[in-house]
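Taken in order, these protein sequences are the chains called F and G. Its first residue numbered 91, the first sequence is counted upward by one per residue in the numbering used here. Its first residue numbered 333, the second sequence is counted upward by one per residue in the numbering used here.
Quick caveat, the hints were computed from the structure, so don't treat them as lab data. Do not rely on the hints blindly, as some may be mistaken.
Said to hold, decoys possible - DMTMM-like mimics (lysine to aspartate or glutamate), calculated; alpha carbons at most 20 angstroms apart, straight line: (1) F:282 x G:552; (2) G:436 x F:397; (3) G:436 x F:500; (4) G:436 x F:447; (5) G:650 x G:663.
Claimed, not checked - These stretches of chain G come out as covered by chain F in the derived footprint (C-beta under 8 angstroms, 3 or more residues): (6) 394-400; (7) 512-523.
Being a predicted model, the structure only gives us computed values, none of them experimental. Ideal Cβ positions, reconstructed from N, Cα and C, are used throughout, including at glycine.
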Amino acid sequence: LTNPNDILSGLRGRVFDLPDAKILEIAHLLERVGDHPRVRETMGTMRPRLVHLRPPRRLNLRRIFCDPFEDLLDSHSSFTLPIKRLDRSIIEPLWRIVEERMGDAALDPLRPRAMNLSDGDLDARHTLGCRLWSPAAKAMRAAADEIEADPKGTSARAAGTIPDTVVRLREIADFLDVGHQIAQVKALLSPKPAEFGPEETGELARLIQDAARISPARVLNLLLVAGSRLRRPADMVAALGEMDFGAARREKPHVFAALSGLIVDSLETGGARSETHDLNPVRATELAERLLDGLTSARDLMDAVSERRYDHRLESVRASVRELVRTQVIDRVPGEILAGLPPASDRPTAPDQATWEETEEKAVALRRCRDLAPELDLVGMMSETLTSLRGTLGGRVAALTEAMVEREDEATESGIAFGLRLMEILDGPGGGGEARERALAALLGDLDGEE
Amino acid sequence: MIGAITYAPSTFEERGAAVAFTTPLLSQTRVRRDDRSRLEVLIPSFSDGHGTYVVPWRSVPEVVPMTVHDRFLHSLIARSGVAAPEDVRSAVLRAAKGGLAGPKSAAAARAALGEDEEARTVTNFLLIVEVLRTTGLDPREILRAGLESREGERLTRGHMNNAAQALGIGAEELYKRVAAMADIIHPVGMPGAPRPGRLRRALVDIAEFRERAEKWSDVDGSEMASVAEFCAKVAGDTHRLGAEALTEFDRRIASLGNVLRDWKPEMRAIHTNVARLTWLVDGWGHIAAVWRDVAERDTHDRRGAISEIFRILPLIPKSEGDRGHVESAAELLSRRRRTVRAYQDWRTGRSDVDLIRRIERMKARQTEREADKV
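Pulled out of the complex, with its shape left as it was, chain G reads as follows (with noise of 0.2 angstroms):
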């Protein structure tokens, strides 16, 4: 163990992935690459309330005694030796599929990467679709003719070849190109697609998260109003910059032609800009359901939820404008520590087994709901 440190990060990988464990000491930790690229993983305040652990990914299983699926997921993770969010997602979803965190889980699990492949499908047909509109030729043909039907493809494959020549391009290397795509940019989806992509969606779920604590922090009369004030700020600062990114994302989108002429440039920027979303919604998913999960419970859980989601809260790192989060967070720790610990429930000697149940029961919601199932 490195020790304490004070948390914070000046980048988004400094920040580290969030890493849906379900042991509660290790409940959504961070896992980032040291200076010499090995993982290591950030665990708030197990000792005292305040600070940051900075654990080695390798000693993890003997600092914490973990729960069976994070014993198989930490494996996952050493292996691949990956600590971005997609790649820790990826992760998570396969120790999750076979069963480890619950049959709740598993179902999601299995749900989520199969609308991840739904997604990836029909974000490829519609930039087909809108790569023909760009060259200005008419893709209802193709859509009478039925998209999966010889005529159909035929017809693909003679616009695709006209497409091609307009845009100075092989029809082979459009097809790769247009393949490429929908694998980087399926979870953010096509500006106006028929369902909006996972980020997208997560975008929404931060909004809902910070116009509904920042809501309840207006009525709770306790010290924990100005926790959740805090939550709701930091949400509302990420939403902002989330939406920002989009609105760029979607006007590179809107000149596809663009896009598929300069590819490298483009695409490194698409690539960048989509990785920035990425890592921007990283962590909110589970603190969404959380706070959905206390929506009609009574006050202790709300606060209790609060206080647990201001343990995990996302701050957005320096490299994006200081927004002194933490600073804020610092100074409000100092000063409501004191409530802030009383709600602490996996320090004040409730079953393991009962939070771990809880911890995967908001896992599967959050699944679920990157699956589109809720």
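The shape of chain F in the complex, shown without the other chains (with noise of 0.2 angstroms):
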């Protein structure tokens, strides 16, 4: 018989391969395995495809308990930096401390109602959910207190092997304290990701100042929730100096020093991953992007309460991303560019599509990376690069048409369209001058019979 390890560390292997049937119908059956380190290895691998495929799944109360803090569970996607991030394995033993505490009599008779509730019935799985958070949260600290007086007890063996398993338990009771209101953080921000703008920034203070109620210290639980779904946190992150945080007003300052230390950590994350990884130019461009966001996110926040302890922390993220442009995006991409348009020739080639769009998507991420210039003290690497990168792609394109008005021919046309184009992103429309003019008078026409 085969070894099950062996099939699922074949499947780990295989599954992009797979047709997504059977994707499907392997996910299945892994849910009714039921929770193992190979399995939940396995569904992690898989995870990137479910969520493209979105099965639909039986929901049953672990889901639900799961649902206020489900989006700061880990994210598959490799550059998103949530502000917080929870690790997906503690689901398992804090289910069995809820089980355990809360007891057959109290979760029976919500059961039923949960598997048979439809996963878009969004409306009555916030309703069952209302009434399984609250009590949860209770056995949540009870088993905390209880691991705190008796380390070895029997919450502490049902807990397992989760990392500071007292400050965590009491960390997740609190989303489950504000579950009600974060259901509602989630109907607001719809679909992941989600935008933010003036008709969010009103709805999020009204529930802020709903949550605040039950306890001020629990606005920052939403805000980790609202942050986690959105496109752009930043833009959150800027609505918060005006928002009136109701009955927590006082608790502002605390709110946002400890979203400056989450959000500082994030960076953190963020910043050494750029070390870490070689990144091409597209994805440096977007990480740089991002963590620039997260930056001015923090300042933001940071200058609103006076404080002043992560800047030697921002500081250094800041010049891990200015390297990671200056290196990865102005060093590389010029090269790459000129390497990517076909040289004037009297056997020309036409450039190929791939390399074609690629070479495109490099000149973009150049361009976008002259609008983080000023931030990142590049301003001026990046002005002397790109005069250096015009001057070539003019005389490059300045040939093509020559060999143009010589000889008409479909590869010299492309390649001049090509050259056009990557001035024009570097550039915008309207530039490139006295070449981009004789260039469309060739492609028209107008130069034919010229000596």
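Dock the two chains into a complex; use the hints.
This is how it looks when you write it as structure tokens:
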């Protein structure tokens, strides 16, 4: 008989080759197997495809229990920078504690309701959650107290290997306390990634005031969930300064300080990633933009409460981003752009579509980094690089134009179009000057017969 | 610049033909002739969210910094002096073919031009088959011999001579008429052709957009729902008129003998019919591509897409029956101006490069669709 562990290892290796139907079938079977490290690992590998396939999943109480903090669980997307992240492996032991503490008498009436809910019935799910979250939070706080008193007792055994068990239990209980408000935040900011505009600002303020009435400290939980659902969490952070926190008005500096600390942690993780990964210019630009967004958010928050203790750490992150942009974009892209554009030749070759597209993406990355340059003290270097690249590109386009005047052919025509587009990506519409005008005239056939 | 006008076209010609520019401000703006037959362009609402600006064609590069693709396309249209959708399409494909709208658009344009040529050949062949059938001859003999074989050619010539006699016209004239007819009708294609013609497929896309936009308007809780509902209504009205035009077209083609005998008046009617279909679907290809692009995206993107679609919506001119589109659009805009404008990306500071590349992506997809490659 084949060892099940070998089957799972084999599966993990082939997960991107399997057809959709097979992936869904395996996910269904693994769900029925239950919690096991290897199953978890395999599900983790399959998760990116499952997110895309959105298989209908049977609801259960454990999933509803996770609703208030599910947005903070590990994400498969490698370059999102969540303000806070929770490890998925905590779910199973946490749920064990809830089951043991609440007991079948309390949970059994809820189980069939959960099983009969459809995935899309969010209102009913919310209502059922409200019956579960509050006692579950109490159960976890009681377990935390017990573990503090007896680190080898029943609750400690149930918690198993959760790192910082007591802290984690109380942290999750905090999310459950405001499960009702979090459900409303999720409805407001759906689907993910959501935009954050004036409408969302007003509604989030109302929910924050609502959560503040339960406990001013719970506002932070609401903001963490909201931030994790946004395309640009910086938009939300920027709006917080003016936002009325209601009963948590006095807590605002503490919330800002806590949020700042978490953002700085997250930025440092992202900054470290930029140093350890060899990123292509496009990915490097995306990461640099996200990190700078985060830096701006953190500074806004800290300025609002005159907090200076993170300045040094933020400066280190900024230095990492500067290095990332310098080495992966400014130093690399000009050479790669010029290598992608075929030169004028007696035997011209048309640029192939993939190289053309890839080269344009790199030019776009360089242009986006031009906008980041002031923040990174790279204006001078960027300006020199662009001037030199412009000159070389202009020369290449001029040579192709002269070749076209001598002999019209599709490959040279494509080369001119490619060169003109690169110039336009770097300088925007209307740039390119004399080289562009002459190239356009050649394409229109106006230079035919010219010596 | 002439200034802002209220856009209420009476005829298709007054509505103008949509031009697939890639400069965000000019995307899908319409070109038409002024009362002295000079070209002018209609640019919707680029300053305050309402009204349409009329700019002489030659002045457009001075008013708006254009992409290099648009400069080229602008020059092509200026030189040809054309303002009908099919002519504008030819210019658009020529501009894209060289790569100025990017490599994807270039490949799509080459495929679309190839597809046009193929459609013309297939239509020509189907017309010959139909001519033979109409005159009581059996085209299967030719098919069996092989179309391109010497025997097939001999049989075709013989049969066409007989058909010409039956129709009371010369064989040479019959060939000419069939070729001229294929030239004119191939964008619609023969009824029952193995692959429906480009304009038939465009009508299907309009119907699909209507259905999806209407469904979305039912579930979206924002003010954009009523805008989507209006867009779906205009699509529905357009589709209905298109379907009627198509029925009339198919009816005439079904009496092919009559067309070939009574050549001039019949062809004039068919030509008018094809032109009407061309005008009706003009601009909808881009709209269908925009809506398909956001099908899997979030609510914000879909609302943004509806706002963009509303800006360029091809309202049915009054000559085609007054459906109150102009009044409804104006009323909708006055009630929803803030919401509609909130989603207009081209004024919210997104970088030009991102927007241009998005428009180019739509353009490539639309052309791929025209070439039946998706």
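Now the hints, each set against the structure:
1. F:282 x G:552: holds, 16 angstroms
2. G:436 x F:397: Violated, at roughly 51 angstroms.
3. G:436 x F:500: Within the cut-off at roughly 16 angstroms; holds.
4. G:436 x F:447: holds, 8 angstroms
5. G:650 x G:663: holds, 17 angstroms
6. 394-400: holds (count 4)
7. 512-523: Violated: only 0 residues of the region 512-523 of chain G have a Cβ under 8 angstroms from chain F.
Checked against the numbered hints given earlier, this structure breaks hints 2 and 7; the rest are met.
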